[in-house]
Structure formats: C-alpha cells, structure tokens
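Residues in the sequence shown are numbered consecutively from 707, following the working numbering.
Calculated directly from the structure, the hints in this document are not laboratory data. Idealized CB from N, CA, C, for every residue including glycine. It cannot be assumed that every hint is accurate.
[Claimed, not checked] Label-pair distances were calculated between CB atoms; the ranges are:
| no. | residue 1 | residue 2 | range |
| --- | --- | --- | --- |
| 1 | 735 | 795 | 40 to 50 Å |
| 2 | 795 | 734 | 20 to 30 Å |
| 3 | 787 | 736 | 17 to 27 Å |
| 4 | 792 | 735 | 31 to 41 Å |
| 5 | 736 | 757 | 22 to 32 Å |
| 6 | 748 | 783 | 22 to 32 Å |
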Amino acid sequence: MSLALLSTMSLVSGGASAKEHKVKGSDNQAHVVAHISFSGLSAVDMVMQRKVNDTYYLYVQHSTDQGISIIDITKPAQPKVVGAIPWPDPAVSSRVNVTGDLAIISESGLRTAPPTMTLYSGICRIQPLLEQYKSCRE
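Throw the hints in and build the complete structure from the sequences for me.
Next comes the structure, spelled out in structure tokens:
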C-alpha cells in the first residue's frame, strides 16, 4: 500500500485584483509531491498534527493488528517515516485521534470489558530517527 502526499499553492496575494492574476486551472490544483510506501500494511485512517515549532506529523492508522505509523511531513516532498506503535489491544477495533501532545486511542469490540480509551502523552516528542516509537509515558 502506498500513500501519496498532495500539495496546493495559492498564487493570489492579498490586495491584488483578479485581473492581475491570470492563473491556469492546473496551477492551483493539488499535485503529488511524495509517495510513502507501507509494504504489506493497509491504511484505514489518517490524522495530521502541527506542533508549536511548525513540525508536522501524519499518523496513519492501519488495521487492528498492524498499529499506527507516524511520519514527519514537515517537508512534504521529503517525508520521514519515524516508526510505528502497536495498538494497545489488537483484538479489538480501535481509532486514533491527536490533540496537542496527546494521542487518544478509543477501543471497542466484542469482549467482556466495556469500550475504553487509552491516552498516550508526548507521543510526538520522539526524536525522529534516534529512537523507535514509544508511548513516552511521563
């Protein structure tokens, strides 16, 4: 499975009239800037996070037994796959959401316990390419 990153450009600056900007139809349309290959993994969902220092991370949710890939997309044309973290319980259906420094994983499925949520603190503070993904529990 492969993921394509798209980029758009806005060529119209504020204060200029529309007559001054004759933009071709294709100039403002999204175009592929990179491909990320997930050999043997499926992509179920994605969420992007912008950090205070203008670092961008893309969290790619794979099927329940495949975990979550985290990719540094600060430079969209040069994405860096940092690693992957496993699902807390691969036997149940899970969904990831990111807000601030928290990754929130909700779990539900056929089991005796009620649906749960797992919070990971500081999941994005992992130094890219220096460590494998960890939950960074503090």
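### Query
Broken hints, numbered, in rising order?
2
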